[in-house]
Amino acid sequence: FIQNVETSTHYINSYDEDICGTVVPKANPLVTHGAQAQNAQFPWHGALYRSSLTELRYLCGSTLISARFALTAAHCVALEKSLKPVESDSMLLYLGKTNLKKWTGPEQDAKLEQIIIHPDYNYERFFAD
Numbered sequence: 001f002i003q004n005v006e007t008s009t010h011y012i013n014s015y016d017e018d019i020c021g022t023v024v025p026k027a028n029p030l031v032t033h034g035a036q037a038q039n040a041q042f043p044w045h046g047a048l049y050r051s052s053l054t055e056l057r058y059l060c061g062s063t064l065i066s067a068r069f070a071l072t073a074a075h076c077v078a079l080e081k082s083l084k085p086v087e088s089d090s091m092l093l094y095l096g097k098t099n100l101k102k103w104t105g106p107e108q109d110a111k112l113e114q115i116i117i118h119p120d121y122n123y124e125r126f127f128a129d
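Residue 3 in full-length UniProt numbering sits at position 3 of the sequence shown, with consecutive numbering throughout.
The reader is advised that the hints may include incorrect statements.
Result set (DSS-like, lysine-lysine): computed pairs, CA atoms no more than 27 angstroms apart in a straight line [to be verified]:
1) Lys-81 with Lys-102
2) Lys-101 with Lys-111
3) Lys-111 with Lys-84
Calculated directly from the structure, the hints in this document are not laboratory data.
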C-alpha cells in the first residue's frame, strides 16, 4: 500500500455557472470560424452512410472507439419513431473522411455487422441518444 500520498484536484475549463440539464438558448450547432481538416488528420472519425440501389446518403458522424466498434447517436441508426435499428447491411462507414461531397483519400470503408441501440434510448425525448 502507498501511504501518506498528497493529492490535489485541478479542474480544466471550469465554469461557475454550469447547470446540469439546462438547454443553451440559441445554440449554434455548426462550426464557426473553423479550419479545414487535412486528409487523414482524423482517422478515428467516421462518416455514416445509408446505401440503396440508387444512392448513398450521408446520415451522421461517428467515432471509432476500438478496433471493432464505432459510436454514433441512436437517432442515426434507429427506424423512425422506433427503438429498432435499421438493417446493418444498408449502412456503410467511411473512416478518416474529411470531405462528405467527394473522395479525397485515404478513407477506409467498413460494412456494419450489427447495430446496437442503447436500451434507455427514447426517440421522443432523445434520452440516451
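Going through the hints against the structure:
1. Lys-81 with Lys-102: violated (31 angstroms)
2. Lys-101 with Lys-111: holds (20 angstroms)
3. Lys-111 with Lys-84: Answer holds: Lys-111 to Lys-84 is near 19 angstroms, not above 27 angstroms.
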